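Trainee: The lines below spell out each chain.
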Amino acid sequence: MPQADSITSLSLRNLQQGIQGGRFSVMDVTEAYLARIDRHDGTLNTFITVTQEAARAGAVETDNRIRRGELSGALAGVPYALKDLFCTEGVLTSCASKMLADFIAPYDAHVTEKLKAAGGVLLGKNNMDEYAMGSSNENSHFGPVRNPWNTDCVPGGSSGGGAAAVAARLTPFALGTDTGGSIRQPASFCGITGIKPTYGRISRYGMVAFASSLDQCGPMAVSAEDCAVVLGAVAGFDARDSTCANRPVPDYVAGLGQSLEGLKIGLPQEFFSTGLDSEVAAAIDGAVKAYERLGAVVKSVSLPNSRLAIPVYYVVAMAECSSNLSRFDGVRFGHRCENPQDLRDLYERSRWEGFGDEVKRRIMIGTYALSAGYYDAYYLKAQQVRRLIQQDFVEAFKAVDVIMGPACPSTAFELGAKTDDPVAMYLEDIYTVPLNLAGLPGMSFPIGFSAAGRPIGMQLIGHYFDEARMLNVAHQYQQHTDWHTRVPVQFA
Amino acid sequence: MAWETVIGLEVHAQLSTQSKIFSGSSIAYGAEPNTQANLVDLGMPGVLPVLNRKAVEMAIRLGLAIDATIAPRSIFARKNYFYPDLPKGYQISQFELPVVAQGHLDITLEKGESKRIGITRAHLEEDAGKSLHEDFDGQSGIDLNRAGTPLLEIVSEPDMRSAKEAVAYLKKLHALVRYLGVCDGNMQEGSFRCDANVSVRRPGEPFGTRAELKNLNSFRFIERAINYEVERQIELLESGGRVVQETRLYDPDRDETRSMRGKEDANDYRYFPDPDLLPLEFDQAYVDALAENLPELPDDKKNRLMSDVGLSAYDASILVSDKAVADYFEAVAAGRDGKQAANWVINNLLGKLNETGQDIEETPVSPDQLGGIIDLIKKGDISGTIAKELFEIVWNEGGDPAAIVEERGMKQVTDTGAIEAAVDEVIAANPDKAEQAREKPNMAGWFVGQVMKATGGKANPQSVQQLVRQKLGIE
Numbered sequence: 001m002p003q004a005d006s007i008t009s010l011s012l013r014n015l016q017q018g019i020q021g022g023r024f025s026v027m028d029v030t031e032a033y034l035a036r037i038d039r040h041d042g043t044l045n046t047f048i049t050v051t052q053e054a055a056r057a058g059a060v061e062t063d064n065r066i067r068r069g070e071l072s073g074a075l076a077g078v079p080y081a082l083k084d085l086f087c088t089e090g091v092l093t094s095c096a097s098k099m100l101a102d103f104i105a106p107y108d109a110h111v112t113e114k115l116k117a118a119g120g121v122l123l124g125k126n127n128m129d130e131y132a133m134g135s136s137n138e139n140s141h142f143g144p145v146r147n148p149w150n151t152d153c154v155p156g157g158s159s160g161g162g163a164a165a166v167a168a169r170l171t172p173f174a175l176g177t178d179t180g181g182s183i184r185q186p187a188s189f190c191g192i193t194g195i196k197p198t199y200g201r202i203s204r205y206g207m208v209a210f211a212s213s214l215d216q217c218g219p220m221a222v223s224a225e226d227c228a229v230v231l232g233a234v235a236g237f238d239a240r241d242s243t244c245a246n247r248p249v250p251d252y253v254a255g256l257g258q259s260l261e262g263l264k265i266g267l268p269q270e271f272f273s274t275g276l277d278s279e280v281a282a283a284i285d286g287a288v289k290a291y292e293r294l295g296a297v298v299k300s301v302s303l304p305n306s307r308l309a310i311p312v313y314y315v316v317a318m319a320e321c322s323s324n325l326s327r328f329d330g331v332r333f334g335h336r337c338e339n340p341q342d343l344r345d346l347y348e349r350s351r352w353e354g355f356g357d358e359v360k361r362r363i364m365i366g367t368y369a370l371s372a373g374y375y376d377a378y379y380l381k382a383q384q385v386r387r388l389i390q391q392d393f394v395e396a397f398k399a400v401d402v403i404m405g406p407a408c409p410s411t412a413f414e415l416g417a418k419t420d421d422p423v424a425m426y427l428e429d430i431y432t433v434p435l436n437l438a439g440l441p442g443m444s445f446p447i448g449f450s451a452a453g454r455p456i457g458m459q460l461i462g463h464y465f466d467e468a469r470m471l472n473v474a475h476q477y478q479q480h481t482d483w484h485t486r487v488p489v490q491f492a
Numbered sequence: 493m494a495w496e497t498v499i500g501l502e503v504h505a506q507l508s509t510q511s512k513i514f515s516g517s518s519i520a521y522g523a524e525p526n527t528q529a530n531l532v533d534l535g536m537p538g539v540l541p542v543l544n545r546k547a548v549e550m551a552i553r554l555g556l557a558i559d560a561t562i563a564p565r566s567i568f569a570r571k572n573y574f575y576p577d578l579p580k581g582y583q584i585s586q587f588e589l590p591v592v593a594q595g596h597l598d599i600t601l602e603k604g605e606s607k608r609i610g611i612t613r614a615h616l617e618e619d620a621g622k623s624l625h626e627d628f629d630g631q632s633g634i635d636l637n638r639a640g641t642p643l644l645e646i647v648s649e650p651d652m653r654s655a656k657e658a659v660a661y662l663k664k665l666h667a668l669v670r671y672l673g674v675c676d677g678n679m680q681e682g683s684f685r686c687d688a689n690v691s692v693r694r695p696g697e698p699f700g701t702r703a704e705l706k707n708l709n710s711f712r713f714i715e716r717a718i719n720y721e722v723e724r725q726i727e728l729l730e731s732g733g734r735v736v737q738e739t740r741l742y743d744p745d746r747d748e749t750r751s752m753r754g755k756e757d758a759n760d761y762r763y764f765p766d767p768d769l770l771p772l773e774f775d776q777a778y779v780d781a782l783a784e785n786l787p788e789l790p791d792d793k794k795n796r797l798m799s800d801v802g803l804s805a806y807d808a809s810i811l812v813s814d815k816a817v818a819d820y821f822e823a824v825a826a827g828r829d830g831k832q833a834a835n836w837v838i839n840n841l842l843g844k845l846n847e848t849g850q851d852i853e854e855t856p857v858s859p860d861q862l863g864g865i866i867d868l869i870k871k872g873d874i875s876g877t878i879a880k881e882l883f884e885i886v887w888n889e890g891g892d893p894a895a896i897v898e899e900r901g902m903k904q905v906t907d908t909g910a911i912e913a914a915v916d917e918v919i920a921a922n923p924d925k926a927e928q929a930r931e932k933p934n935m936a937g938w939f940v941g942q943v944m945k946a947t948g949g950k951a952n953p954q955s956v957q958q959l960v961r962q963k964l965g966i967e
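Residue numbers (my numbering), protein chains in the order written: chain A, 1 to 492; chain B, 493 to 967.
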C-alpha cells in the first residue's frame, strides 16, 4: 500500500486512475486525508466539522459500488470539503456563525447532491468568515483559520478554510463561494488554484445567501486541471435557482490541450497603479512574459469605472445581505435568546447575540442604504454604476480574449493586522469585486512567492461562460511551472 | 355645504393556482397547520423562489379583462419587515413595474347610469402565514400553510363617491375574477379581501386625509364600515378636529372602526428588486394568445342576453352578476325558451336560495332538474301551479321531475272523458247548487273548484270550465 502522503499529493486524475485501477481503495484515500486533517487541523482550523464516520461509511459503500462497476467517473471515490454554507442534510451547516451553531441542515444543496451523485466522499465542512463576510477568515464563530504558508498569517477569506485545507493537502478539493473575491483572494494567499465561474453557471440552491446577485459557487484545488474536473461536475442548469443559466456545460478537461498561440491578453492599466505591492507587480510581470513566450499577445485595456467598484459593491452587497439575513430571527431555526420578554425583544436579542460584529455592521449599512430617502442616492446609483463597470469589461473583451492582473494588492497579512480597520479590509477586494458586479468569471492561480515566502496569485478574467478557455490558459502556464505543486514545508 | 366621500379600494384576490407562487406546496384551504409548508415556504437558509407561471398568466388575464396595459417588463421586489408569520423577513411583491397597470371597470349606479372606475395597477405577491393567538398558553402559534399563496393586489383609483359605489365596484370585480377563473372569490376563507381608503372633502377641494380600513370580509361589512367611517370623519371635521392618516380596523360586532396604527408607526419597507428572480418579459404573441382565450365577460354576456334572448336589462344583470348563476342559467336555457328559463331561475330558484340563505353552488335543484320541470310545462304534462309544487318536491327530495310526475300521478288530465265523469259526479252530488248556478252563472266557479279538487289539481282548468258550463247549460 502506498504511503498516505503520496496519495494526498496526487492530482484528481491520478487519484481516480489509482482507485479505478485498484492500486488503492477509496478507503485508503479517505483515511489518508482524515489522517492529515487529524494531524494538522489543530494548527490550521480549516474545518468546522469533520465528518469522519460518514466519510468512512461512504468510502466502504463507494468502494463496493466501484468494485461492482456501478460507479465510475472523474470524482468517484474522491474526497472533498464544502464551505460551511452549503447545506448538507443531517450535517451542521453553521455559516461559521453563532446564529447557526446548532443548525443541522434538513436538505442538500444542489452542489452537495451533484457531488454525492458523482460518488465523492465528504470529509467535512470548511471554516469561513461568518456568512461569507470577510477577507481574512478572522470573522468566524469557530476561530480564525491560519495560512499553511505562514501560520501567523491569515489565509484570506471568506473561503479561507477551503483554501488553506487544499494548500495543506487536507482535501483534494473544496467548494467555496465568491461574492466579492472570496474564492480568488484566499486562493491567492494560499497558493492554490480557484475559479469563480460566470454568475449563473452553478446553481445557488442550498447555498446560504450573502448577496444574491453576486454570490457564486466555485472549486478550489491544486491545479487548473483539478478545477476543470470539479467545475464540470457541479455546473449546469437547476430549475430551483431562477438565476441559473440553462446552457450546456462544456467538457472542461477535454479543452485543456489548446495552444496559446495568438491568445490576446488584456492588462487593465487601472489594476497596476498605486496600492499594488511591488513584489506582486513583479510576479505578474514575470507571468505575463511567460505567456508571451507561449505565443500570447499582450495589450493594454482600460476599465475606467472599476475604481468605483468597491463603493458600489459595498452598497449592493450590504443592501442584499440586510434583507437575506432577515430570516435569521430566532423564530423557526437558529439562535434564540433566553426568555424573550416580547416579540421585539426576541428579534433584537436573538440577532444581537447570534450575529458577529462584521455581520451586524453590514446589515446596518445595507438597511441604511435601502431606507426611504436614501435608496436613490445609494442603491439606485450603485446599480447604475454597476452597469458602467460591466460595460467597461464588455468593451475590453472586444479587443482581447482574457484579462490578467493581480488577484490582491498584496500577499497574505498577519492575523489582526486589519481587524480594526474595516475599510482597509474592504480594499483587499479591489481587484476582485469588479467581476462579481459584472457577473464575469475569474480565477486565481499561483505565480510565485514573495521574499517572505508568501504565495502570489494572478487573476485571470474571462468573458461570460468562457471558463473552458480560462482553465486552459491557466493549465498551459501550470504545464510550464511548478508553483501550484509546492506544499508548505510544515505540511509536506 | 355638503361633504363628498372619496373612496379607493385595494383588493387582494387569491389566485386559483394549484401550488404556491414561489414553491410547489399546495394552497388548498383548511389543511392541518404547517402541513402545506415546504423548505421554501419555511424560508430555510439557502432556498430560492421559483415563480409559478400560472399565477402570472392569471394576472395577465385579469389585466386583459379590465382593458389594462400589460407591462412588457415587470419585476419582483422585496418588501422588508419582521413578523413571525413572514418567514423570510420580507414579502416578495411588486413595487415598480407591476404586471398590470391602468385598467378600468364600469359599474352601474342606482338609477341605471354607468360610471367608470379607474384601476391603477394590479401586482403579484405572496401571502404571509397566520399567527394563532389562542390555545398556546400565553404563546403564539404560527401556521405557514398560507405563506406563499399567490395574491393579486388590485388597486383602484380614488374614484368612488359612496359606499354603494364601492360595493358595486367590488361586486363587479368579484364577478369578473370568478368569470376568469382566477380566484374563487370566497370572502369567508379570505380568498377575496378588501381594504378601503376613505376620506371626505368639500366638493372641488383637494382630497382630504384618508384612513385605511381593514378587516372588511363581506360586502355588507364593507358598506357599513365605510358609512361609519365617513360619518366619523365628517363629525370630526365639523367639530373642528382633523383626520389623521392611519389604519383602522372594522369591528362588525360593534359596527365601528378603531385605530390600529398611525402613520408614524408605518414600516419603512425598504423595497428593492429581488435579486433571486429574473425580470418578467412578455412578448406580444404570448399576451395575444391569452387574450384570445378569455371567456365571455359579464358585460358582453349581459348584452348578448338582452339582444339575443330578449331579456330586460334588469333580468340580464341579475343573471350575469355571478358566474355560477350565469352558468346555471345558460345550462337551463340551452335548447329551451330563454325568457321562461330566466323567469324560473330568477323568481323560483334564486328566490328560494335567498329564502334559505344558500349560495347557487349549494342548490339542491340542478340545471337538468329545473330544465326537466320546464320541459314538462312545455309538453303540457303539468300546469304552472303543479310545476311550482314539483319544484318544491325536487328541492326537498331530489329525483327526476318526469319520474316524480309519473309516479305521483301529477300529470295534467287532458282526457275529456275522465274530466266529464268528474263533472257529472259533482253536479249529481249537488243538485241544489246546480239549480242555483243555472240562475246565477257566477256559481259555475264553485263547480270548477270542486272538480279541480276532486282531480287533485291535475285536470286542465280550461277543459273543466268549459265542461261545467256545458253540463249546467250555461251559455
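Read the hints as simulated data drawn from the structure, not as lab findings. Source: prediction; values computed, not measured. For every residue, glycine included, the Cβ atom is placed at its ideal position computed from N, Cα and C. Hints may be right or wrong, so weigh each one.
[To be verified] Pairs of lysine-lysine, BS3-like flavour, derived with a Cα cap of 27 Å:
(1) Lys360(A) with Lys664(B)
(2) Lys381(A) with Lys844(B)
(3) Lys664(B) with Lys932(B)
[Said to hold, decoys possible] Cβ-to-Cβ under 8 Å is the rule here; a few derived chain A residues that face chain B:
(4) Tyr205
(5) Ala239
(6) Arg293
(7) Glu320
(8) Asn339
(9) Leu343
Trainee: Run every hint past the structure and note whether it holds.
Mentor: Verification of the hints:
Only pairs whose Cα atoms come within 27 Å are accepted, and Lys360(A) paired with Lys664(B) is rejected, the gap being roughly 50 Å. With a C-alpha separation of about 64 Å, the suggested pairing of Lys381(A) with Lys844(B) is violated against the 27 Å cut-off. At most 27 Å may separate the alpha-carbon atoms for a hinted pair to count; Lys664(B) and Lys932(B) exceed this at roughly 59 Å. Evaluation of the Tyr205(A) hint against chain B yields a held restraint, the C-beta minimum of about 6 Å falling below 8 Å.
At about 7 Å, the closest approach between the beta carbon of Ala239(A) and any beta carbon in chain B falls short of 8 Å, and the interface hint on this residue holds. For Arg293(A), the suggested interface contact is broken, since its CB lies about 43 Å from the closest CB of chain B, more than 8 Å. Taking 8 Å as the C-beta cut-off, the interface hint given for Glu320(A) holds, the closest approach to chain B being about 6 Å. Annotation: interface hint on Asn339(A) violated; nearest CB of chain B at approximately 13 Å, more than 8 Å.
Taking 8 Å as the C-beta cut-off, the interface hint given for Leu343(A) holds, the closest approach to chain B being about 7 Å.
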